[in-house]
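Q: Here the protein sequences line up with chains R and X, keeping their order.
For what it's worth, UniProt numbering labels the leading residue of the first sequence as 1, then goes sequentially.
For what it's worth, UniProt numbering labels the leading residue of the second sequence as 1, then goes sequentially.
Derived by calculation from the structure, the hints in this document are not laboratory data.
Among the hints, a few may not be true.
Said to hold, decoys possible - Computed cross-link-like contacts, EDC-like style, restricted to lysine to aspartate or glutamate with a CA-CA straight-line distance of at most 20 Å: (1) R:K309 - X:E65; (2) R:K289 - R:D125; (3) R:K298 - R:E233; (4) X:K107 - X:D72; (5) R:K176 - X:E265; (6) R:K176 - X:D264; (7) R:K154 - X:E65; (8) R:K154 - R:D194.
Said to hold, decoys possible - Which residues of chain X face chain R? A few of them, derived with a C-beta cut under 8 Å, are: (9) S92; (10) Y104; (11) Q105; (12) T108; (13) L110; (14) Q182; (15) G211; (16) L247.
Idealized CB from N, CA, C, for every residue including glycine.
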Amino acid sequence: MPKTERRNFLLDFEKPLCELEARIQQIRELADENQVDVSEEIAQLEARANVLRQEIFSSLTPAQRLQLARHPRRPSTLDYIQAITEEWIELHGDRGGSDDPALVGGIARLNGKPVVMLGHQKGRDTKDNVARNFGMATPGGYRKALRLMNHANKFGMPIVTFIDTPGAWAGVDAEKLGQGEAIAYNLRQMFSYDVPIITTVIGEGGSGGALGIGVADHLFMFEHSVYTVASPEACAAILWKDAKKSGQAASALKITSRDLKELGLIDRILTEPASGAHSEPLEAAATLKQNLRESIEKLSAMTPEARRKLRYSKFRQMGIFEQGEIS
Amino acid sequence: MSLFDWFANLRKNEPPVQKRQEREIADGLWTKCSVCSAVAYTKDLKNNQFVCLECGHHTRVNSDERIEQLVDKETWQPIGEDIRPTDPLAFSDRKSYSDRLKDYQAKTGLTDAVKTGTGLIEGLPIALGVMDFRFMGGSMGSVVGEKLCRLIETATDQSFPVVIICASGGARMQEGMLSLMQMAKISGALHRHQEHKLLYIPVLTHPTTGGVTASFAMLGDIILAEPKATIGFAGRRVIEQTLREKLPEDFQTSEYLLQHGFVDEIIPRTQLKKILAQLISLHQPISK
Numbered sequence: 001m002p003k004t005e006r007r008n009f010l011l012d013f014e015k016p017l018c019e020l021e022a023r024i025q026q027i028r029e030l031a032d033e034n035q036v037d038v039s040e041e042i043a044q045l046e047a048r049a050n051v052l053r054q055e056i057f058s059s060l061t062p063a064q065r066l067q068l069a070r071h072p073r074r075p076s077t078l079d080y081i082q083a084i085t086e087e088w089i090e091l092h093g094d095r096g097g098s099d100d101p102a103l104v105g106g107i108a109r110l111n112g113k114p115v116v117m118l119g120h121q122k123g124r125d126t127k128d129n130v131a132r133n134f135g136m137a138t139p140g141g142y143r144k145a146l147r148l149m150n151h152a153n154k155f156g157m158p159i160v161t162f163i164d165t166p167g168a169w170a171g172v173d174a175e176k177l178g179q180g181e182a183i184a185y186n187l188r189q190m191f192s193y194d195v196p197i198i199t200t201v202i203g204e205g206g207s208g209g210a211l212g213i214g215v216a217d218h219l220f221m222f223e224h225s226v227y228t229v230a231s232p233e234a235c236a237a238i239l240w241k242d243a244k245k246s247g248q249a250a251s252a253l254k255i256t257s258r259d260l261k262e263l264g265l266i267d268r269i270l271t272e273p274a275s276g277a278h279s280e281p282l283e284a285a286a287t288l289k290q291n292l293r294e295s296i297e298k299l300s301a302m303t304p305e306a307r308r309k310l311r312y313s314k315f316r317q318m319g320i321f322e323q324g325e326i327s
Numbered sequence: 001m002s003l004f005d006w007f008a009n010l011r012k013n014e015p016p017v018q019k020r021q022e023r024e025i026a027d028g029l030w031t032k033c034s035v036c037s038a039v040a041y042t043k044d045l046k047n048n049q050f051v052c053l054e055c056g057h058h059t060r061v062n063s064d065e066r067i068e069q070l071v072d073k074e075t076w077q078p079i080g081e082d083i084r085p086t087d088p089l090a091f092s093d094r095k096s097y098s099d100r101l102k103d104y105q106a107k108t109g110l111t112d113a114v115k116t117g118t119g120l121i122e123g124l125p126i127a128l129g130v131m132d133f134r135f136m137g138g139s140m141g142s143v144v145g146e147k148l149c150r151l152i153e154t155a156t157d158q159s160f161p162v163v164i165i166c167a168s169g170g171a172r173m174q175e176g177m178l179s180l181m182q183m184a185k186i187s188g189a190l191h192r193h194q195e196h197k198l199l200y201i202p203v204l205t206h207p208t209t210g211g212v213t214a215s216f217a218m219l220g221d222i223i224l225a226e227p228k229a230t231i232g233f234a235g236r237r238v239i240e241q242t243l244r245e246k247l248p249e250d251f252q253t254s255e256y257l258l259q260h261g262f263v264d265e266i267i268p269r270t271q272l273k274k275i276l277a278q279l280i281s282l283h284q285p286i287s288k
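Produce the complete structure using the sequences and hints provided.
A: Following this line, the structure appears as structure tokens:
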């Protein structure tokens, strides 16, 4: 991405790094013009930039990670699909009267084999985002996902899903068409599939709207993505009675990939490029592709029965409680 | 002089200690309907399953009361009574989650927001889960998920139908993602139950919202609801805020869901046991 464009979407904590990078660039240009050798100085500055990058990205607060997860330049579902597949045909419609642009899906060829891919789709800019409803899917979106997953199961194709949504759409029509029913039905149906299911949280995983395509054999999260029971803003408004406490809520809710790995809720964290997936989208895509390949190979070696069993026991053990007489 | 004035006068004349005792008895003796303000003798109200005798308003019932209403006498066998919540995230908002849990446990005498067990309903075996709104708004955390899963698994093993009386504000935020995953966990257990061709009937009572609506509340072979219950996925206020418009009166009520095809029938509480027993009996395998 051109540097100027990147500056338009700069997050606060990225600023010192970006300024340093801009200065290095400036010096380089000046040196070129004046034909002076500044390679030593540049090497020093670049080393400093690396240290700074390391410092910034290794000590992000949960609220900062949330910002990264929602970064407008963060690769989206369609970006990843286009980057990692050899072929891709998007399919449309829930066969019930709607086609939701906030949840996309289709058939792809990945490492030579057909798979069904689907996921929430956010927009690139305001106009695109309005069309995509900011990645908030309607009941029609979940029913399109269901239809595509049924298709995958029928033809023995692995299901690869991508989570990137603030949550399912909360609107009058969504309620009228049964948002709750649509998500619930997917949750149960996903336990029935014979084919492998792999889910990756690529950006923001918001509540039931995320889980509605997330009952998987393998659940991955990109390093700076988040997955949460309720948006930190909503949680702050409800529990703190103050929406401004969302930073505190983001920490308390344990929404980062590292937290969720520790809680045993996800299988693997996918390492992001040093300055986040949006800085080097192709590098992030390569990581994703590598992990999907390994995962599909591993799951394909199992019998359908064993996969369903794995899926069941994986979710069955989620939860922390005490049992027995009170000591 | 009305009966109430008479009570008030009586209280005034009592010495302080006895006055408090008198008040406690009086409070429990009579109950005022929050909708029509009719005052009823609590015993009569209880006999009518806490449905207002005047206007038919379904007041909230706790889980013990509900079990008494539905299950044949002396057949109730609880499951997972010794499962208790912990504070896995060391969560604290304006108050710590562990303190909140202790307070609710002391106040309600419950361990968490659901009671589960098996019993007979008009002689027919069922696995019954009853959510209790008094405990943190019936919210679903690890304990609710675990107890419901064990209930459903027991039902699958013993070929029992499952009935769950839903009453919940949704997932329990204080347990973070562990709560969200209970939606998947319970749906998985229901999938196995369904594979065995067994009957599942959720009964939606006031209120059934959020993560409960987006999982087991909507997965029934037959879905029943109590009159005028609030049922929905997103909260009414959330929708009003995003859309900045007033919503219709009946939005997200049992009647609204019935009209839009998401509920099979609205059953008054006083007929619930009879209808459940009838439905279960209609699904009994035909004997050879």
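Q: If a hint holds in the structure, say so; if it doesn't, say that too.
A: Results of checking the hints against the structure:
1. R:K309 - X:E65: violated (38 Å)
2. R:K289 - R:D125: violated (26 Å)
3. R:K298 - R:E233: violated (39 Å)
4. X:K107 - X:D72: violated (27 Å)
5. R:K176 - X:E265: holds (17 Å)
6. R:K176 - X:D264: With a Cα-Cα distance of about 15 Å, the restraint between K176 (chain R) and D264 (chain X) holds, given a limit of 20 Å.
7. R:K154 - X:E65: violated (47 Å)
8. R:K154 - R:D194: At roughly 9 Å apart (the allowed maximum being 20 Å), D194 (chain R) and K154 (chain R) satisfy the hint.
9. S92: holds (7 Å)
10. Y104: With a closest approach of 15 Å, the Y104 (chain X) hint is violated.
11. Q105: violated (11 Å)
12. T108: violated (16 Å)
13. L110: Because about 14 Å separates L110 (chain X) from the closest Cβ in chain R, which is outside the 8 Å limit, the hint is violated.
14. Q182: Holds: closest Cβ of chain R sits about 6 Å from Q182 (chain X), inside 8 Å.
15. G211: holds (6 Å)
16. L247: Result: holds, 7 Å to nearest chain R Cβ.
The structure fails to meet hints 1, 2, 3, 4, 7, 10, 11, 12, 13 from the earlier list, while all remaining hints are met.
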